[in-house]
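Chemist: The opening position of the sequence shown corresponds to residue 0 in numbering that gives the first Met the number 0, with each subsequent residue numbered one higher.
Please keep in mind that the hints were generated in silico from the structure rather than gathered at the bench.
Errors might be hidden in some of the hints.
Stated by the list, open to error - Think about it this way: if two alpha-carbon atoms lie no more than 20 Å apart in a straight line, the pair counts; the simulated SDA-like pairs of lysine to any residue are:
| # | residue 1 | residue 2 |
| --- | --- | --- |
| 1 | Lys351 | Cys379 |
| 2 | Lys208 | Ser221 |
| 3 | Lys314 | Tyr281 |
| 4 | Lys149 | Ser163 |
| 5 | Lys266 | Gly252 |
| 6 | Lys208 | Val196 |
| 7 | Lys304 | Tyr98 |
| 8 | Lys314 | Pro279 |
| 9 | Lys284 | Arg312 |
| 10 | Lys11 | Arg52 |
| 11 | Lys304 | Ile105 |
| 12 | Lys314 | Ser292 |
| 13 | Lys304 | His159 |
| 14 | Lys284 | Glu311 |
| 15 | Lys266 | Glu311 |
| 16 | Lys284 | Lys304 |
| 17 | Lys337 | Thr247 |
| 18 | Lys266 | Leu280 |
| 19 | Lys314 | Arg269 |
| 20 | Lys337 | Gly252 |
| 21 | Lys266 | Ile278 |
| 22 | Lys266 | Lys284 |
| 23 | Lys266 | Glu294 |
| 24 | Lys314 | Arg268 |
| 25 | Lys304 | Arg272 |
| 26 | Lys304 | Val166 |
| 27 | Lys304 | Ala97 |
| 28 | Lys337 | Thr350 |
| 29 | Lys11 | Gly61 |
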Amino acid sequence: MRDQLRGCIEVKAQGRGLYRFINALHTGGVTCFEEFCSGGVLSLQIYRRDLHRVESLAEECGVELDCRERPTLSSRLRRYRHRSGLIVGGMIITAALAYLSQTILIIDIQGNTAVRDEVILAALEELDIRPGTRAGDIDYIWSEDQLRLKVDGIAWAGMHRSGSRLVVEVTEPVLPPERVRKRLPCNIVASRDAVIVYTVVRDGMLMHKVGDFVPRGTLLISGVTGDETGHSTFHHAMGDIIGQYQETVTFSGSLRPERSIMTGRSKSRRSLRLFGWRIPLYLGKDPYESSVSEESSRQLSFFGKALPIFVERRKLLETQVRAEELTEEELSAELMEKVYLYEKNFLSGDTKIISRDIQRTGDGEGMTLTVEYTLQGDICSQRDIFLA
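Given the sequences, and given the hints that come with them, work out the whole structure.
Modeler: As structure tokens, this is what we get:
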């Protein structure tokens, strides 16, 4: 580090008075290092401050010198010493760092799960605490109390500053678990017309057996039972009743659909978001009448520290509505894709597809697929018993 500040000169010397020159260096108090002699050439390194002294000794001894300054911190500073813009820029950066060190740039909220960050930030905004606020203007004790009063769901709040980052720690109240009344008297009725194929009763009395056809709303498991004395007992009916039933779904499409397609043209828009302000870095309005956008954001950092400055990029992709001509085969393939998605999203899980029958109809303008399913699944629907 000392050599970086002093500056080092690499020297190569040769000539008839070389050894006289070496003795003069040693007796003249010149600090030399990395010194060696090979092939009548003396190589060594000296500090920059001794350069004029070495040049004088070389001239007295008749020795030729080849000097080259090593790249060090001091050499770089000397190279830019006459550039006043760098000095002014350094002063501006130093002033900016001094200002930012006393300014809240980032608000970090910790400890919240039920209460969203946006709610807490809005409450802090009402307390005049936001990115850009001077740290010395914040009354932490008063702000902590006010934050707890303003936001429902916060039992305790604490604040402390870490550099330019304000850390807001909150504790939410521990609520007792919700008491769900699962034992209210109820019946189980059929949710659709079906043929019963499987039954399991956990509580209550089964009213129909396997093989029975039950219309929608039919009582399947009764929550009211009685004994020989005429005493009635009310239950929370529970069980699994699996039924086989029919379901019909239609999917339609046109042979000449109008669709929004990409034209291939695109435009990028960049904005700077600073302390909650959004500053456009472009001129003019959006160039396309119809478009979709892709948005991304990148946070800037300084020496590894995140700054409250974001560069937002919005890419506009032009779209245009065009009419297409589809063949019956292409339209049929699209409708079959809809059938597949319907079965994946609505008939998956506990519902089992026993069979499907697909009927195609068309009128020259479009096509309709009518799908008749035979399904097997749970047909239970809970219905409360109201006691007088």
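Chemist: Against the structure shown, which of the earlier numbered hints fail to hold, in ascending order?
Modeler: Per hint list: 4, 5, 16 violated.
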